[in-house]
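6 protein chains.
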Amino acid sequence: MSEFRPADSFRSPRFAQLATFMRLPHTRDVAGLDVALLGIPFDGGSSYRPGSRFAPREIRQHSSLIRPYNPALQVSPFEVLRVADVGDVDVNPIGIEDTFVRVERAVGALLDAQVIPLCVGGDHSLSLPLLRAVVRRHGPVGMVHVDSHQDMWEEYFGNKYFHGTPFRRAVEEGLLDTKRVVQIGIRGPVYAEADFDFARRNGIRWVIV
Amino acid sequence: MSEFRPADSFRSPRFAQLATFMRLPHTRDVAGLDVALLGIPFDGGSSYRPGSRFAPREIRQHSSLIRPYNPALQVSPFEVLRVADVGDVDVNPIGIEDTFVRVERAVGALLDAQVIPLCVGGDHSLSLPLLRAVVRRHGPVGMVHVDSHQDMWEEYFGNKYFHGTPFRRAVEEGLLDTKRVVQIGIRGPVYAEADFDFARRNGIRWVIV
Amino acid sequence: MSEFRPADSFRSPRFAQLATFMRLPHTRDVAGLDVALLGIPFDGGSSYRPGSRFAPREIRQHSSLIRPYNPALQVSPFEVLRVADVGDVDVNPIGIEDTFVRVERAVGALLDAQVIPLCVGGDHSLSLPLLRAVVRRHGPVGMVHVDSHQDMWEEYFGNKYFHGTPFRRAVEEGLLDTKRVVQIGIRGPVYAEADFDFARRNGIRWVIV
Amino acid sequence: MSEFRPADSFRSPRFAQLATFMRLPHTRDVAGLDVALLGIPFDGGSSYRPGSRFAPREIRQHSSLIRPYNPALQVSPFEVLRVADVGDVDVNPIGIEDTFVRVERAVGALLDAQVIPLCVGGDHSLSLPLLRAVVRRHGPVGMVHVDSHQDMWEEYFGNKYFHGTPFRRAVEEGLLDTKRVVQIGIRGPVYAEADFDFARRNGIRWVIV
Amino acid sequence: MSEFRPADSFRSPRFAQLATFMRLPHTRDVAGLDVALLGIPFDGGSSYRPGSRFAPREIRQHSSLIRPYNPALQVSPFEVLRVADVGDVDVNPIGIEDTFVRVERAVGALLDAQVIPLCVGGDHSLSLPLLRAVVRRHGPVGMVHVDSHQDMWEEYFGNKYFHGTPFRRAVEEGLLDTKRVVQIGIRGPVYAEADFDFARRNGIRWVIV
Amino acid sequence: MSEFRPADSFRSPRFAQLATFMRLPHTRDVAGLDVALLGIPFDGGSSYRPGSRFAPREIRQHSSLIRPYNPALQVSPFEVLRVADVGDVDVNPIGIEDTFVRVERAVGALLDAQVIPLCVGGDHSLSLPLLRAVVRRHGPVGMVHVDSHQDMWEEYFGNKYFHGTPFRRAVEEGLLDTKRVVQIGIRGPVYAEADFDFARRNGIRWVIV
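Chain order of the listed sequences is A, B, C, D, E and F.
Numbering of the first sequence is given in the working numbering, commencing with residue 14 and proceeding in unit increments.
Numbering of the second sequence is given in the working numbering, commencing with residue 14 and proceeding in unit increments.
Numbering of the third sequence is given in the working numbering, commencing with residue 14 and proceeding in unit increments.
Numbering of the fourth sequence is given in the working numbering, commencing with residue 14 and proceeding in unit increments.
Numbering of the fifth sequence is given in the working numbering, commencing with residue 14 and proceeding in unit increments.
Numbering of the sixth sequence is given in the working numbering, commencing with residue 14 and proceeding in unit increments.
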């Protein structure tokens, strides 16, 4: 189990060696892991500013500064759980629906191995295949969604899938138990009061801050 | 009236087309407008860091992200008011007094057409010609001035006009009803306690935050 | 005709007013134009670094520095030709094939009006719908292609359309008269000598520099 | 005494002349000064991001915006105290221990001349020679330490001196009266609960915020 | 004379101490100098991008990397000539004509002291007061002008003085012996062939590159 | 052998997965390798601008754009040689001499395993331990040194080791066969003609460009 602890900072400076999430070990062999950090370098669902395809690598670089012990909670997560960086999903940079299939398959494989996936995106459209993978195995789920937008639009330029629609699609596909969904941090401006109709109709609560 | 609504975002992506303030229509014909957004690309009154001559164009670019409905106030301003981007004042980049004449003339034309001007600067010296245009038509005005400086210096290197003097000039020219002027957000450091003398002598209130 | 000359720089500073390509007039009415500058803000065909969706707007901003007379050639293009900025194609940011349809339609409309389109992208996948629009009206064309890559790959992650395949698709669709095609500036590294097979088989010449 | 006031801003624009700390006069002759601003351009004790060797010069540039009167406290510090920019310590960019000797000597010379040194770093390892210079003349001192880390590690890659160890060394060298030391702002993450052992053992208080 | 050599780089690291041009000594006492480096932090004559008011300070910072011996010419200029950084002209950031008076006065004082001024701007309008100072003492001069523009326009928004007019004004004021003037590097685009008329009429030669 | 080819770009987008040099496989097991890419993230020998400690990671990121076939030379290096990214040397960020020991040991281990080390620095002081490792095994070597400086100074602030001295140390330690050393690209400015004395005395040739 010791090989799943972060790199010993007294042996290797933090800026040295290949960058992994929080300097955790990298492995493709997930057997025995408790948690897998999985990158999803995809921004093909962005309506405005792309670039989050580079996010998993950048987060690997910058998370080198994180240390393993939280003095407020008095816990060393990586002593308690076996955590590793399992690399990235091989997304299809040009195809959002093919990417969804690849993401659902990769996450599903982790779930089937009893490993908790902790995904690092990527744009918000990716929440849909993540929910599909989970729900297909465990049934509809509640959700605490922290965001400034509801991401429940109907479509965008005729596209059913982009970063503004994942939770409408999730409701339509029966992935969410809407009574147990709450959206926190919602704020405007939006296009019209009607933007909130879908959530209202489906009994989803939200908190404007 | 419908042509004065912002571009339909389901037809044109927000990053497409010529940039206008908040994606509003651009027109030079102000008849029938309620509010005109007017750029003033001038920084010749800056004592330290110039560059705000590029501000109207940059604000046009970045305001593409604004959406038309405010869910907290439950209002769609562009449904209630006819608002347009009427372009920029043709300032004189090298001459502050000539620029003041041009600004006063442009803003005055809007006022004469019963259009409310909403100006996007530009450096703070421009408040003086704006006040001149308004006061010449409506008489002295009160003012709520939100700033960290009073902008009531006497002069700067022998210049009566720059971004640190507009409100002293405004008082001297009788443009402000000083009993109804309040300056909010004033803070130091300044050069000396005497920097506040002009406001004190003229009965202007200010709030140090 | 005079309204299609660039803005008079002695009336309006170059950093003022809404940005158009080279400060040319903006119009949606193309009748009587000789040349139309048309933006195509699309980067959904990029395999590596997206962002060219913002290129048309940025080029509008920065081309304000261009002046209208070329002293080497002793020509003022905008005196000889009526040129205007006709805005952008309303692309589909999430859908490359739908975008191709929109681009072909917009460019075709210009061609039908006897206006020469001069397009400002956008990623290189857009060359395909441009060729389709031209060839459908004029038959197969020769091409001088200045690039460091041939953009003649077979596919990318199963996608037939992206910025590495437009000219293979063009050959397959019969859009190019391959005897009259030359590619200038081609250089490596590439993936294998076989990357050049398609051009070789089709009699396309290229110059490695 | 008047020569130690900041440059008269009505004579010289703030962006003009050689940059000194807060536009104060520069002198190497410290006789008669009350406070000396002293740069220490050294970052050889940084374990992660170097670059603070450029900090004294950058702070000189950017502090040009500071004005001499504080209206909240109603004080003009440079009227009350003779303050000057006395330049930088000539550090040894490659040698941390030689740099410590040079810093202690420079600061000691100021103390011997009855001038209060106000040092502008530079990385946090420099606190050790500063304490040495003071304590050698005045005996052990209390300390209010505002930081997010305690900087009381044992060593780093075998080095006793770097920006994570100065206060452990200071305690070991008897420079601090630990009963009168408080560290404010300490927060995680750290490496282990044991990181706090040294402070605990030595009766040093800290406040986690 | 030795005090006018650059700082000894074996005593002070190059990034340390107040920044002066090429690490030369700073003095206001010009007696005995051969060459004076004089900053002119003014950009009030810029028609497009201001900011060169910060240039003298930035050039001080970055010229720290220059070393004193030129191995190609086998000369150490600062051994042969007494050179110092004499600070900046106290320009008037808001007033171009007042700035011209200040520049001419400062440069004239150096000339009167038999010191060669080497000025670091600042925008190109400043060439006019420099020529005035020289010509008033020595009579009309020839000029080798390396630039991409002739800077011989008539005016700009009604202003006789800005960075596009200095050499037309210089000819009009009789400062240049036009037979001995050559402009190297001129290129387009410009506004019209007529832009070259003034030079043609006055017998000035130029080289388009 | 196939596992030492670069990642198959038709399976994984170039911006995905942990970054390695040129997307080569990462391994700590060097047996059977022909060439090992080894990072040395150390900048403690820099006299001016530090930061190259981050270079190996940044080069890993950006070299993702390199493809495996060179069409000019008609060679695929990674088909001919087994090449891998073997990670970084665990340098001592605060100690240059300890770092030299670590570098020499790491490089020596590769040499002993008959693997050609290809090192990615890091500042230029690191050439010294690299030469030591090679020469200790193979005897004095010739050298083609491409640089703008000779890096043959005597010392810097009393330090024998920094990025300006490695080749003087190398000559003194007998590591270089000076008859077979040539330095290409040398240019000024330098401090004095005497800067070239050491090379002259030792019969080293250099080319000023």
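Simulated from the structure, these hints should not be mistaken for laboratory data.
Quick caveat: nothing in here was measured; it's all calculated off a predicted structure.
Wrong hints could be hidden among the right ones.
Quick list of in silico lysine-lysine cross-link-like pairs, DSSO-like style, CA-CA up to 27 angstroms [said to hold, decoys possible]:
#1 Lys173/A to Lys192/C
#2 Lys192/B to Lys173/B
#3 Lys173/E to Lys192/E
#4 Lys192/C to Lys173/C
#5 Lys173/F to Lys173/D
#6 Lys192/D to Lys173/D
#7 Lys173/E to Lys173/B
Okay, the calculated bits of chain C under chain E, using three or more residues with CB under 8 angstroms as the criterion [as the list claims (entries may be wrong)]:
#8 111–124
#9 157–168
Below, a sample of chain A positions facing chain D; criterion: calculated Cβ distance under 10 angstroms [said to hold, decoys possible]:
#10 His162
#11 Ala207
#12 Phe209
#13 Ala212
Just so you know, even glycine gets a beta-carbon here, dropped at the ideal spot from N, CA and C.
Going through the hints against the structure:
1. Lys173/A to Lys192/C: Answer violated: lysine 173/A to lysine 192/C is near 43 angstroms, above 27 angstroms.
2. Lys192/B to Lys173/B: 24 angstroms, holds
3. Lys173/E to Lys192/E: Holds. Lysine 173/E to lysine 192/E sits at ~24 angstroms (cutoff 27 angstroms).
4. Lys192/C to Lys173/C: 24 angstroms, holds
5. Lys173/F to Lys173/D: 21 angstroms, holds
6. Lys192/D to Lys173/D: Holds, because 24 angstroms separates the two Cα atoms, which is no more than 27 angstroms.
7. Lys173/E to Lys173/B: With Cα atoms ~21 angstroms apart, lysine 173/E and lysine 173/B stay inside 27 angstroms; holds.
8. 111–124: violated (count 0)
9. 157–168: violated (count 0)
10. His162: 31 angstroms, violated
11. Ala207: With a closest approach of 44 angstroms, the alanine 207/A hint is violated.
12. Phe209: Since chain D brings no Cβ nearer than about 38 angstroms to phenylalanine 209/A, farther than 10 angstroms, the hint is violated.
13. Ala212: 37 angstroms, violated
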